[in-house]
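Residues per chain are reported as follows:
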Amino acid sequence: MSNAATQSDNYLNDWHHQAITLQNNINQTILGQENIIELMVLAIFCRGHILLEGDVGVGKTTLLRAAAESLGGDFERIEGTIDLMPHDLVYYTHIASDGKPAVSEGPLLKHGEDLSIFFFNEINRARPQVHSLLLRVMAERSVSAFNKTFHFPHLQVFADRNRIEKDETFELPAAARDRFMMELHIKQPRAEAQLKELMFNTRYYDADKLVDSADKAVLPFNQLNDIAVMIQAQIHTSGAIQDYGYHLCQALRRPQDYDIKISDTDSSKLVLGGMGPRGISYLARSARAHAWLKQRNNVIPEDFHAVIRAISKHRIFINPVYNYNGEAIIEELISSVLNTIPSP
Amino acid sequence: MGINLFFKHKMDTRNFVALTLMLLMFTCPIHANPVRTGIVEQSLGRDFGILVGDIIEHYYVVQVPADYSLTPASLPPDGELDYWLELLNSDYALIAENAQMRRYRLHFTFQTFYAPLDVRALVIPSFTIRFNADDKAHPVVIPAWGFTMSPLKEIAPRGVASDSTQNAFMKADLRPITVPTDDLQEQIWILATGFIILVLFWLSLKGYLFAFTRSPFQQAYHQVKKLRKYHAEKSAFTQALQAVHQAFNRRAKQALFAHQTDDFVLQHPELLAYKEEIDNFFQSSAETLYSEQKKASPSDFDQLLILCRQLAGAEKLALKKS
Numbered sequence: 001m002s003n004a005a006t007q008s009d010n011y012l013n014d015w016h017h018q019a020i021t022l023q024n025n026i027n028q029t030i031l032g033q034e035n036i037i038e039l040m041v042l043a044i045f046c047r048g049h050i051l052l053e054g055d056v057g058v059g060k061t062t063l064l065r066a067a068a069e070s071l072g073g074d075f076e077r078i079e080g081t082i083d084l085m086p087h088d089l090v091y092y093t094h095i096a097s098d099g100k101p102a103v104s105e106g107p108l109l110k111h112g113e114d115l116s117i118f119f120f121n122e123i124n125r126a127r128p129q130v131h132s133l134l135l136r137v138m139a140e141r142s143v144s145a146f147n148k149t150f151h152f153p154h155l156q157v158f159a160d161r162n163r164i165e166k167d168e169t170f171e172l173p174a175a176a177r178d179r180f181m182m183e184l185h186i187k188q189p190r191a192e193a194q195l196k197e198l199m200f201n202t203r204y205y206d207a208d209k210l211v212d213s214a215d216k217a218v219l220p221f222n223q224l225n226d227i228a229v230m231i232q233a234q235i236h237t238s239g240a241i242q243d244y245g246y247h248l249c250q251a252l253r254r255p256q257d258y259d260i261k262i263s264d265t266d267s268s269k270l271v272l273g274g275m276g277p278r279g280i281s282y283l284a285r286s287a288r289a290h291a292w293l294k295q296r297n298n299v300i301p302e303d304f305h306a307v308i309r310a311i312s313k314h315r316i317f318i319n320p321v322y323n324y325n326g327e328a329i330i331e332e333l334i335s336s337v338l339n340t341i342p343s344p
Numbered sequence: 001m002g003i004n005l006f007f008k009h010k011m012d013t014r015n016f017v018a019l020t021l022m023l024l025m026f027t028c029p030i031h032a033n034p035v036r037t038g039i040v041e042q043s044l045g046r047d048f049g050i051l052v053g054d055i056i057e058h059y060y061v062v063q064v065p066a067d068y069s070l071t072p073a074s075l076p077p078d079g080e081l082d083y084w085l086e087l088l089n090s091d092y093a094l095i096a097e098n099a100q101m102r103r104y105r106l107h108f109t110f111q112t113f114y115a116p117l118d119v120r121a122l123v124i125p126s127f128t129i130r131f132n133a134d135d136k137a138h139p140v141v142i143p144a145w146g147f148t149m150s151p152l153k154e155i156a157p158r159g160v161a162s163d164s165t166q167n168a169f170m171k172a173d174l175r176p177i178t179v180p181t182d183d184l185q186e187q188i189w190i191l192a193t194g195f196i197i198l199v200l201f202w203l204s205l206k207g208y209l210f211a212f213t214r215s216p217f218q219q220a221y222h223q224v225k226k227l228r229k230y231h232a233e234k235s236a237f238t239q240a241l242q243a244v245h246q247a248f249n250r251r252a253k254q255a256l257f258a259h260q261t262d263d264f265v266l267q268h269p270e271l272l273a274y275k276e277e278i279d280n281f282f283q284s285s286a287e288t289l290y291s292e293q294k295k296a297s298p299s300d301f302d303q304l305l306i307l308c309r310q311l312a313g314a315e316k317l318a319l320k321k322s
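Residue numbers (our numbering), protein chains in the order written: chain C, 1 to 344; chain U, 1 to 322.
Please keep in mind that the hints were generated in silico from the structure rather than gathered at the bench. Fair warning: this is a prediction, and the values are worked out from it, not measured in the lab. Honestly, I wouldn't trust all of these hints.
Simulated pairs of lysine-lysine, DSS-like, Cα-Cα distance not exceeding 30 Å [claimed, not checked]:
#1 C/Lys196 / C/Lys216
#2 U/Lys136 / U/Lys229
#3 U/Lys226 / U/Lys136
#4 U/Lys234 / C/Lys294
#5 U/Lys234 / U/Lys275
#6 U/Lys206 / U/Lys316
#7 U/Lys275 / U/Lys225
#8 U/Lys253 / C/Lys269
#9 U/Lys316 / U/Lys275
#10 U/Lys316 / U/Lys253
#11 U/Lys206 / U/Lys225
#12 C/Lys261 / U/Lys253
#13 U/Lys320 / U/Lys225
#14 U/Lys225 / U/Lys316
#15 C/Lys294 / U/Lys253
#16 U/Lys253 / C/Lys313
#17 C/Lys294 / U/Lys295
#18 U/Lys275 / U/Lys229
#19 U/Lys234 / U/Lys206
#20 C/Lys187 / C/Lys313
#21 U/Lys275 / C/Lys294
I would like the entire structure built from these sequences, with the hints used as guidance.
Dropping the structure here:
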């Protein structure tokens, strides 16, 4: 083995320890969300954006705050409201100390290139105009203002929305959802012991104190882009696993070609779209990151299984006829695909 | 005498004038006759004895002044005119024209679906056809046509409620004349039996005869055994692994992966004793297929053969016990 290969292996090993530290740090703050936290860590090491969805009061905001604080770098948070407009993210006007009106850089611009996490709380309360600005920020990690372009090379967008309230909310367009690498559905813990802990342990009563109690900036955030590239370069994907990944994506788009039948649906008319080039790329990237997190040098089918729901669920658009039970149908489709496509 | 001559001369003059006037009246008409308009000829067929489903065809020849032409949109549209009457077709043709008049032939084809139980009088309603000349219109009314429909039954049925086969109102169909096929059937049976025997013989030669009843691991065993002969080829071991994976998939009735083996042996307790061997197989398969770091040797084929034989044997034993 060459020296360069050994060095990169050691580098990956060092970062693996740091990834585990990050994971444990968040796990210490948030109870009963181990799987979600692992997927978040994968997204961080793939440099993908995360949308968290769940019921009210299950800890979405606390989880994202804990992840943001653990990552380090500059952190900005904004609350989605119905009157929020794109310019509110870019600049704000105020009366300066000299008594004259002034224009200053808004929450998105003021941190410059050090902005690490942009946390958009209750994203579905913001208007589509704001969503469209966010589309560019997420896709290009840049925004134009004051006659110049601002770049955010380390930016990662964390957003959350609750799925219960629908009044005065704006559904995220398909294009915006597709730009989120993962859409994670957070549920409350089911284990009795964990629920009792959340109920009676005073440590969990104050979310601010809880987040403050965790270690901060456990990673050098400005090196994450490099390590993400290295993970993708170093983790091997064999011909057999590439075939497997390809057929998984094809089966999600065209289940009828794989004789996949979903109860009470017509498979040939079920899926309208989804799992486009961005989606399949995210699936492969997250599978590689998962293999690395499990300390393997190559991807195996289980890596796809671990991430496929988080990657594909929000990217599959089904015929509106089946929307009445859309979530269950998509869940059944993914399960059927995993049970049907063999490897090798 | 003079008076007589005068009267004679006067009478001749009057006769001459009367004769001239008569001649003028016959040779020089003072005013031309107007063109006759409307239906000048029609053919409606018989208006009695019409049965359900009959086609009724009506022809009319309509004459109109020369500057008038038929408006096709005024012809009744094809389709149901009533619940029992359908207009199958309506068309027209210009059959004659001169400086004074034009003649059109109209043709209407009706079909009646009225099924009367006794003789009924019915009427095809009248309708109007329009002829236009610039801004003038000339309607021509096609009059209603009355006719009688007859029922589809015997007027004086014989043998109603009669038990006698000979006189029964409803009689059975005649028995069809059949062609004797006994010889042909015998030949077909011989040929079919011969063909089935040949197919079974071919299937047994190929080893497919009991493939469906055999354990999937036994089938995989045969496939791996064949592939072992080509162990030097890189793809042979991959195909052998694929055959064993397919056997697991068939037994599990889904695609089976390494992390699902615990559930698999719980659902197939006869294979529980070989859990460790199964896990080793999945690990070895992953090393070959996914990490591509392992090169196959004949002993790897042997390992697969042993595993297949063990699993097939375990299934056979469980089958015997049950």
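Next on the checklist: Does lysine 225 of chain U sit within 30 Å of lysine 206 of chain U, going by the straight-line distance between their CA atoms?
Outcome noted: holds (14 Å)
Checklist entry - Regarding the pair lysine 294 of chain C and lysine 253 of chain U, is the alpha-carbon distance no greater than 30 Å? => result With a Cα-Cα distance of about 28 Å, the restraint between lysine 294 of chain C and lysine 253 of chain U holds, given a limit of 30 Å.
Item to check | Proposed proximity, lysine 275 of chain U with lysine 316 of chain U (alpha carbon, max 30 Å) | outcome: holds (17 Å)
Next on the checklist: Against the 30 Å threshold, does the CA-CA distance of lysine 136 of chain U and lysine 229 of chain U hold or violate the hint?
Outcome noted: violated (99 Å)
Checklist entry - Are the Cα positions of lysine 226 of chain U and lysine 136 of chain U separated by 30 Å at most? => result violated (96 Å)
Checklist entry - Holds or violated: lysine 187 of chain C with lysine 313 of chain C, Cα cutoff 30 Å? => result OK: lysine 187 of chain C and lysine 313 of chain C at ~16 Å, within 30 Å.
Checklist entry - Are the Cα atoms of lysine 320 of chain U and lysine 225 of chain U separated by 30 Å or less? => result With Cα atoms ~26 Å apart, lysine 320 of chain U and lysine 225 of chain U stay inside 30 Å; holds.
Item to check | Hinted pair lysine 261 of chain C and lysine 253 of chain U, Cα distance within 30 Å | outcome: holds (15 Å)
Item to check | lysine 275 of chain U paired with lysine 225 of chain U [C-alpha distance capped at 30 Å] | outcome: holds (23 Å)
Checklist entry - Is it true that the CA of lysine 234 of chain U sits at most 30 Å from the CA of lysine 206 of chain U? => result Measuring from Cα to Cα gives roughly 26 Å; hence the hint holds.
Checklist entry - Given the proposed pairing of lysine 294 of chain C with lysine 295 of chain U, does the C-alpha separation stay at or below 30 Å? => result Roughly 24 Å between the alpha carbons, so the hint for lysine 294 of chain C and lysine 295 of chain U holds.
Item to check | Hinted pair lysine 206 of chain U and lysine 316 of chain U, Cα distance within 30 Å | outcome: holds (22 Å)
The structure is inconsistent with the numbered hints 2, 3, although it conforms to all the rest.
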